[in-house]
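2 protein chains.
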Amino acid sequence: MSTVISAKQVKELRDRTGAGMMDSKRALEETSGDLDAAVELLRVRLGDKALKMGGREATEGTVASYIHGNGKVGVLVEVDCNTDFVARNEDFMGFARDVALHIAASPTTRYVSEHEIPEADKQAELRVFEQQAADKPENVRAKIAEGKLRKWMEEVVLLHQPHVNGDKYEGKTIEQIRAELSGTTGENVVIRRFARFAVGA
Amino acid sequence: MSTVISAKQVKELRDRTGAGMMDSKRALEETSGDLDAAVELLRVRLGDKALKMGGREATEGTVASYIHGNGKVGVLVEVDCNTDFVARNEDFMGFARDVALHIAASPTTRYVSEHEIPEADKQAELRVFEQQAADKPENVRAKIAEGKLRKWMEEVVLLHQPHVNGDKYEGKTIEQIRAELSGTTGENVVIRRFARFAVGA
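Line by line, the protein sequences are chains A and B. For the first sequence, our numbering gives the first residue as 1, with consecutive numbering after it. For the second sequence, our numbering gives the first residue as 1, with consecutive numbering after it.
If we strip away everything but chain A, and leave its shape as in the complex, we get (with noise of 0.2 Å):
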C-alpha cells in the first residue's frame, strides 16, 4: 500500500531540500508523506549538498527558443535555477537550447514532469491499457498495463525521454543530464516549463 502524495507536499519538500521532483516524491512515499522524515531520508541519501539548497527557489533562469529550419515549427522554454551567474553559464545556456531542440523534435511531449499528469489522465490511460491486457494471463495483467503506462509516460513526459541527440548525450534521459547540471552547477536546475507549436497541429 503506498500512500497518496500530494503536489502540495512534493513542492514543500521541494522548497525545503531543493531535491528534484521524483527524489520528493519517492522520499515522501517513503516516508507516508511524512515532511519531516522525508527531509531527513533526502539528505541520507543525496548528501547535505541538497540540504544547502534548500529553501532557496528556483527564480533566476534563461528563455531559450529553437525554430525548425523551415519555420513550421517552434519551442519555447524556460529553464531555472538559483543565481545570475549560473543563468549566464555557457552550459546551462546550452543546455536550456538542447532541452528547445529535443523537444521540437518529440511532438508526444505534453508535460514536464511525471508529476504534471492529471491524476484523472493517468488513470483513464491506465484503464485502457488494463482492458487492452484483457487476454492476457490475470496473474501479469497489472504488470503488463503498468509497462504501457510507463511506455506512454516516456512518450508524453519530457525528463522521462533520452535525449534526440543520443551521440551527444550518450542515452541519457533529459532528467539525468538535468541532475548532472545540477550537479556540475551546484544549484537546483528546474525545466519550469516549455510551449510548442507546430503549424496545422
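Honestly, I wouldn't trust all of these hints.
[To be verified] Pulled from the structure, derived: some chain B residues nowhere near chain A, Cβ distances all over 12 Å:
#, residue
1, V156
2, K172
3, Q176
[Stated by the list, open to error] Chain A is faced by these chain B residues, among others (derived, beta-carbon under 8 Å):
#, residue
4, E60
5, T62
6, G71
7, D80
8, G200
Rather than coming from a laboratory, the hints here were simulated on the basis of the structure. Yeah, the Cβ is synthetic: ideal placement off N, Cα and C, and Gly gets one too.
Got chain A sorted already, so can you dock chain B onto it with the hints?
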C-alpha cells in the same frame, strides 16, 4: 438590445467567409445571429474578396520566436495563412517576427483577440470599473466604465495594441497591420497563438 453571439457562430462565419474576428462578430450582431444574412452583409461590406477566401482555413503558416538579449524574456508566436507560398514570403515572416518582438515588450498581453477573453472575466472587470465610477454622476457612469474596459482590453488584447515600434508602423495596431498584410497577400492572416515566458514571473 444586442443578441449574444457565440464563439461557435463567429467561427462558422469566419470559416465561410475568411473575414476577421471583429468583422464577423459585428455582422452576426447586426443580423441577430443569422449566418446567411451575415455572409451577405460581409460580402457587401468587405467585397467578394472576403468570400473568395471563404472556406479556406488558415492551415499554413510560420512559427517565430524572439528572445530578449539577456535571455530573461522569450516569446513564441504562430501566424497562419492559406498557402506555403505566402508562409515563406519575407513580409509574412517579418510580420511574425515583429509580432513576437512586440509581445516581448508588452508584458500585459494575455489574449490574441478580444474574443478569447472569457465572458465572466470581462464582466468581472466591468463590475469593478462600474464601482470605481460610483462617485461620478449617474448619466456618465456607464460611459466611464466602458472607457476603462476599452483601456483594459488594450492592455491585455494583442490585436488592440499599437505596435511597440511606432516609427515603423506609424502607430497602427497589430490588427491594422494584420489586415493590411491580409490585403497585400490576398490570404487570411491569423495570429493563432503565442506564449510569453519571463524568468521569475
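Going down the list of hints, with the structure as the test:
no.	hint	in the structure
1	V156	holds (19 Å)
2	K172	holds (24 Å)
3	Q176	holds (24 Å)
4	E60	holds (7 Å)
5	T62	holds (4 Å)
6	G71	holds (4 Å)
7	D80	holds (7 Å)
8	G200	holds (5 Å)
Going down the numbered hints, you'll see the structure goes against none, and every one checks out.
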